[in-house]
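J.: Residue numbers (this note's numbering), protein chains in the order written: chain A, 1421 to 1561; chain B, 119 to 365.
Incorrect hints may appear among the rest.
SDA-like mimics (lysine to any residue), calculated; alpha carbons at most 20 Å apart, straight line [unchecked claim]:
1) B:K356 with B:R345
2) B:K262 with A:R1448
3) A:K1435 with B:W140
Pulled from the structure, derived: some chain A residues nowhere near chain B, Cβ distances all over 10 Å [said to hold, decoys possible]:
4) I1524
5) V1525
6) V1558
Here are some chain A residues pointing at chain B (derived, C-beta under 8 Å) [unchecked claim]:
7) V1425
8) W1446
9) F1455
10) E1459
Bear in mind the hints are in silico, worked out from the structure with no lab data behind them.
Even glycine gets a Cβ: it sits at the ideal position worked out from N, Cα and C.
Single-letter residue listing:
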Amino acid sequence: MVRAVNPDYTPHHPKWYRRRIPIFWWIRKRAYVKFIARELTSPFVAYAAALLLMQVWALARGGAAYARFLAWLQLGPVLIWHGALLIILLFHTVTWLNLAPKAIVLHVRGRRIPDAAVVAGHYAAWLAVSTFLVWLLVRGW
Amino acid sequence: MAESITIEVQRYRPEEQSQPSWQTYEVPFQPEWMVLDALNYIKDNLDGTLSYRWSCRMGVCGSCGMMVNGEPVLTCAAYLKGFTPGPIRVEPLTGFPVIRDLIGDMSDFLEKLSRVSPWIMREEEPPLSKGEHLQTPEQLAEYKGYSMCINCMLCYAACPIYELEPGFIGPAAIALAQRYNLDSRDQGAAERMKTLSDAEGIWACTFVGECSTVCPKNVDPAGAIQRYKLAATVDHFKSMVLPWSER
Chain A
1421 MVRAVNPDYT
1431 PHHPKWYRRR
1441 IPIFWWIRKR
1451 AYVKFIAREL
1461 TSPFVAYAAA
1471 LLLMQVWALA
1481 RGGAAYARFL
1491 AWLQLGPVLI
1501 WHGALLIILL
1511 FHTVTWLNLA
1521 PKAIVLHVRG
1531 RRIPDAAVVA
1541 GHYAAWLAVS
1551 TFLVWLLVRG
1561 W
Chain B
119 MAESITIEVQ
129 RYRPEEQSQP
139 SWQTYEVPFQ
149 PEWMVLDALN
159 YIKDNLDGTL
169 SYRWSCRMGV
179 CGSCGMMVNG
189 EPVLTCAAYL
199 KGFTPGPIRV
209 EPLTGFPVIR
219 DLIGDMSDFL
229 EKLSRVSPWI
239 MREEEPPLSK
249 GEHLQTPEQL
259 AEYKGYSMCI
269 NCMLCYAACP
279 IYELEPGFIG
289 PAAIALAQRY
299 NLDSRDQGAA
309 ERMKTLSDAE
319 GIWACTFVGE
329 CSTVCPKNVD
339 PAGAIQRYKL
349 AATVDHFKSM
359 VLPWSER
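Turn these sequences into a full structure, and let the hints guide you.
T.: Rendered as structure tokens:
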């Protein structure tokens, strides 16, 4: 049998093969897609934070400026966009909070607090802050 | 039940080819066989030129890690029946340069592992007359999980960052550093932090989390890295607020 010969090969010298990483490496696995989706939602979190700051800024400029800002928020396209934003933010928040026990390892009297309790603590804090904000918005001034 | 199953193996023989190719083998299907048994059958009966690593055949030595149908697994712990009806695609672990067939070059990992000083470091050693370093079960539990690493490299193959950023120290090396940092007998955490807190250390990790998912020993390297990030951040702020205090 005639064997093929690689002309670039030098006898007794290693010649490694290094694969080229495909651009769409992240669609190979569901976990990678989820990771990329979580990363891509980060700019939207920044947008939501900037939106909140703009709201405070509008409030600081007086009643008329704040009314204009609220009117802009109530425009149809803005409502649809912010509805989509809410879903994106919920995805980011849930996937992020579920990861919390990986980083936070707490002990009470020498015993490690279970991961589920760390996650529950984060959700409880999220719920408390959200409830407070809703109460603040609903009660009016 | 099928009498045979098809195994597609990635072949790379550098003296003959510049790119890998696929070779197909039919092996008898035995429900109690692992993928490694099928490879051994090929080696012994069909093609003696097939090259791969293996040793203990019981999930301890960590040498038979390969990509099976795109997932990094220990082939000695992956039943053939888990991949029926086949074909089963076997490739070398991703992220490592291939030397031959299913054998990757692990030199990069070994160099990085030595950089994190994976041994107990002491500032001063008490005399032997003081007796051994005692540890409570709680102190042992702190690091024991991380000490189960068998250096099988599945976590590196699952980590896209290691392949994209070859400088990244990687999951197993950081988990092993954490194994010693959390050991009550060790005093080298500050020394290791110098290596691990730079851009190629913990901060290169973007928390994909697959390293922990594929780990056959439940070592949880992703958790180790995130804990390290938290510790490094706390350390940084402590040094800003209390610059005179010892870290």
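J.: Taking the hints in turn, state whether each one holds.
T.: Quick rundown of the hints versus the structure:
Distance restraint check for K356 (chain B) and R345 (chain B): the Cα-Cα separation of roughly 16 Å lies within the 20 Å cut-off, and the hinted pair is therefore satisfied. Taking the CA atoms of K262 (chain B) and R1448 (chain A), the gap is near 33 Å; set against the 20 Å cutoff, the hint is violated. Note on K1435 (chain A) and W140 (chain B): the hinted pairing holds, with a Cα-Cα distance of about 19 Å set against a maximum of 20 Å. For I1524 (chain A), the shortest C-beta to C-beta distance to chain B comes to about 7 Å, within the 10 Å cut-off, and the non-interface label is violated.
Not every CB of chain B is more than 10 Å from the CB of V1525 (chain A) (nearest about 6 Å), against its label as outside the interface. Every CB of chain B is more than 10 Å from the CB of V1558 (chain A) (nearest about 36 Å), matching its label as outside the interface. The restraint placing V1425 (chain A) at the interface with chain B holds, with a minimum CB-CB distance near 6 Å, inside the 8 Å limit. With 8 Å as the threshold, the beta carbon of W1446 (chain A) comes within range of chain B, its nearest partner Cβ sitting at about 7 Å, so the hint holds.
Hint status for F1455 (chain A) relative to chain B: holds, with the closest Cβ pair at about 5 Å, below 8 Å. Hint on E1459 (chain A) holds. Least Cβ distance to chain B is approximately 7 Å, under the 8 Å limit.
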